[in-house]
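Protein chains: 2
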Amino acid sequence: MTAKLRIVPLGGLGEIGKNMTVIEYEDEILVIDAGIMFPENDMLGIDTIIPDFAYILDKKEKIKAVLVTHGHEDHIGALPHLMDQIDAPIYATPLTAGLIEVKLRQSKGAQRVEIIQLQAGDVLHIGCFTVEPFHVAHSIPDCVGFGITTPVGLIVHTGDYKFDHTPADGWPPDFAKLAEFSSRDVLALLADSTNADRAGWTSSEMVVKAAFDDVFRQAPGRIIIATFASLISRIQQTADLAQKYGRKLAITGRSMRENTKMARRLGYLEIPDDLIIELEDAIHLPKRDVVIMATGSQGEPSAVMGRLARGRHRGLSIEAGDTVVFSAYPIPGNEETVFRTINQLFQRGANVLYERIAPVHVSGHASQEEMKLMINLVRPSFLIPIHGELRHLKQHAELGKQMGIPADHIAVVENGTPLELDGETLEILPRLPGGYVFVDGASVGEIGWPVVRDRERLSQSGIIFVVVSVNSQKQVVGRPDIISRGFVNPNESGVLFDGVVEAIGRAVEVYANSAGALNEAVEDALGRYLYAETGRRPLVHVVVK
Amino acid sequence: MTAKLRIVPLGGLGEIGKNMTVIEYEDEILVIDAGIMFPENDMLGIDTIIPDFAYILDKKEKIKAVLVTHGHEDHIGALPHLMDQIDAPIYATPLTAGLIEVKLRQSKGAQRVEIIQLQAGDVLHIGCFTVEPFHVAHSIPDCVGFGITTPVGLIVHTGDYKFDHTPADGWPPDFAKLAEFSSRDVLALLADSTNADRAGWTSSEMVVKAAFDDVFRQAPGRIIIATFASLISRIQQTADLAQKYGRKLAITGRSMRENTKMARRLGYLEIPDDLIIELEDAIHLPKRDVVIMATGSQGEPSAVMGRLARGRHRGLSIEAGDTVVFSAYPIPGNEETVFRTINQLFQRGANVLYERIAPVHVSGHASQEEMKLMINLVRPSFLIPIHGELRHLKQHAELGKQMGIPADHIAVVENGTPLELDGETLEILPRLPGGYVFVDGASVGEIGWPVVRDRERLSQSGIIFVVVSVNSQKQVVGRPDIISRGFVNPNESGVLFDGVVEAIGRAVEVYANSAGALNEAVEDALGRYLYAETGRRPLVHVVVK
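These protein sequence lines are chains A and B, in that order. FYI, in my numbering the residues of the first sequence are 1 to 545. FYI, in my numbering the residues of the second sequence are 1 to 545.
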């Protein structure tokens, strides 16, 4: 019996295979990407989510390399956690390597990581695998996908991509390489599904350039542009227009400043020194002479744009005549916060441009026609949709079927589900236990759903805490201490709490001599009393002293 | 000095003038609509939001009438609260009146409300005002806007509208009436801005009919359609297709059942008795013979679709071969929950259709070209954009300016900002105090931001409670009680809590004899200790006994 090739998407629940993909043949493993997920709105208090590495940590001596497609958080953010626990080199293009270095520097562990630079077009022999990175266009420069020749066949992993013929950095995707792969018979295509529910073709970055040119030509005062800290191409476009229209460029937000510095050093950003000024200096220039780039395009309250919207930025305040550009889509779940930030900026007198009213942002991911082109260029035997929610994978699979790939040659699976290929057939194995890991403050994986569900209940109706002293005759002594948070308005709690004291007295009287724990009996009685009085169900905690 | 006409939009923060508009001339007031707002994601635990009625309650004897444009929650949901406190009749079309009656019946107070039925085309003399309701198309039948002749001039309030030439009920908007208003010189147009950032023209309800027909023709098994309980026209379309394709119709969800019953009784829904069956019976029919309509199109976990997605519905479970249709847009802020529900339904084997992949829903609101048509039909002197977030009002104002309305004839204001018209000029007065009112359980207005902010902190890192006994020598006696919720995993808290006990001991030692309150000193010390240990900042509450 010949050995099989195993492919395991790992990562969060929402974005399938976005965060990490494992390629395994006998005793050798390649890892592709290790990103973070952003918590959903009901994962209260959770900072980030990282993939559950358990599957590969059990066999970590087999890991030969970590291949990274590009430098976005959802592809590199979990590297500090992963590299702390394994001993393999990272392979990445120069810009991606630079972003990884910035990230590793910011974390405490994972200092001694070997990063090997690769270039699109390289041919790398890693164990039994031959890895051929190929250039793709996305919303950050220096992105690659990987052709990986395995003992079972050639597989192609697209990374995040779109077929942009006129990208910001002038480097279109490598169509020839994809076609060349197809001449060698591609066993499986693992392809980005993020925009599988968008018809047509994603707009080129050139569209943004034109929209930005309009902004620069028309803005009567300052221009303030919010985008992702890693959107290097947008920073380049802004710098080019600043030069064209005689404005100075100030960059704010720690991560954006660090990324800019690194990208300029590596030659991915070409910005003359005298174009860039500090924010403090920008404030004293005539308003028409200034453009400011800032973080906070997702409405994050602590980022620059969030603070500007609420009037809480130390150095800068929004004024009538300012033009603010949101050059980003809201990540799903952030819509409300983004639009609130936009409304607040309008309130302060700014003119705000965002994607719905001007093409100041385009997606970095392929739409349906591009997905079809990818399938037809690569002509794989098997299609494995990755990167996207289940609904996107299903839609991507639909496209594959429309193009003649048989249903049993397409695998729509959730993260943690191993696939096996023997060259002829595709087998879907049972899902691995585990799933993903919450990062909350200094803890990684310690906080789970039970704690988050407690937070959910606390967030709905708060908590009431009672300390009641009971003497040896099981009578209440003195007035119980009653403390509530997030439950009632403290100024209006007087009458209610008098009622609580009475309810405690009654409960102690009734339950003092019954079997169970007295504090639990009082908690039950209080919960019922409070629901009847307020229609709300706070957590109730009673300590009997 | 002649008296002025005052217009005050009231309501929530997000949607301006959506929920309530006050029209006031000397001693007479008309109220238009009284709706609820849905809480934003950071208004934790809040059920709904109602407008702050304070402004009109101060002069409630002046209120002559409450005019209602249509029967959606965001226009009628606050009526039970309002009608409890004022003594004026409601004017509404028959279907809207029916929906209001259902609503009033469900609430405890507000039983003795007079509801006067009106029809589009009526001319009503109410105090100094002449009110002319005119038919508009929206996503519920029997919608009107109002032409209101005041002593200062004619104002036109559109309600929610779109210019649908082929609406589901076959009754297009009354273009002639709008043109006729313009022949009488319209002083001000108050117009729906909800879709002001959408170019073009909103699709007709007919598009949905065609998409639904495809679904009925192709679905191999059961069809389950999720939509709003008040979307009467969608229920009619579904019933028509059920009849055409020989399926029986089951309606689930309390509010949808009640609305259907009422609308059938009033003749707004024409469904033969033998078409409708109960869910229990639907389960035993062949799958191809059934269509089920359900609530939960916003992903609400307790509604039918949310329970189906999680496998928690008592009577029904999703199976492979089921076709689920989401015939609704996610309300902003609900995207994540809606898409999660869709992913869960895919997981259970259903084929799920939603607006992005098939036109199974269209907006009920006018897009930009329709807004321009409204302005050109009515030709007002003043434009007052209403219904929408600030960003929508701004965009609507832009359209007005493009069409030649001078900037000082357009008022973009937030809720609670009175406007005054004297026939020649528009004056914007300072914003009124107050804003909106939280409804949480049985409490209306008692819970404010301080309680919600406590919930926010609780939701982020939970709470830790400590009861420490201190003797007369200010020494800790026994081991303190430590209780935490939403902070750490109880199974892993042992070592941490040993550290907490030590930190308490140290703090009591250090602060026992200092001035301030001992519990506060211990709280501060514990907060620092816990942040150093966990990187998280729970609420800390210490009781010293």
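Since the hints were made in silico from the structure, they are not lab data. If you're wondering where the values come from, they're calculated on a predicted model, not measured in any experiment. Hints are not guaranteed to be accurate.
All copies of an identical chain are treated as equivalent in the list; a pair is satisfied when it fits inside any one copy or across any two copies.
[Stated by the list, open to error] When the alpha-carbon atoms are kept at most 25 Å apart in a straight line, the in silico DMTMM-like pairs for lysine to aspartate or glutamate are as follows: (1) K401 x E355; (2) K62 x D122; (3) K474 x E509; (4) K401 x E424; (5) K545 x E520; (6) K60 x E533; (7) K248 x E502; (8) K4 x E280; (9) K108 x E533; (10) K177 x E40.
Practice task
Of all the hints given earlier, name the ones this structure violates by number, lowest first.
Solution key: Violated hints (numbers, rising): 6, 7, 8, 10; every other hint is consistent with the structure.
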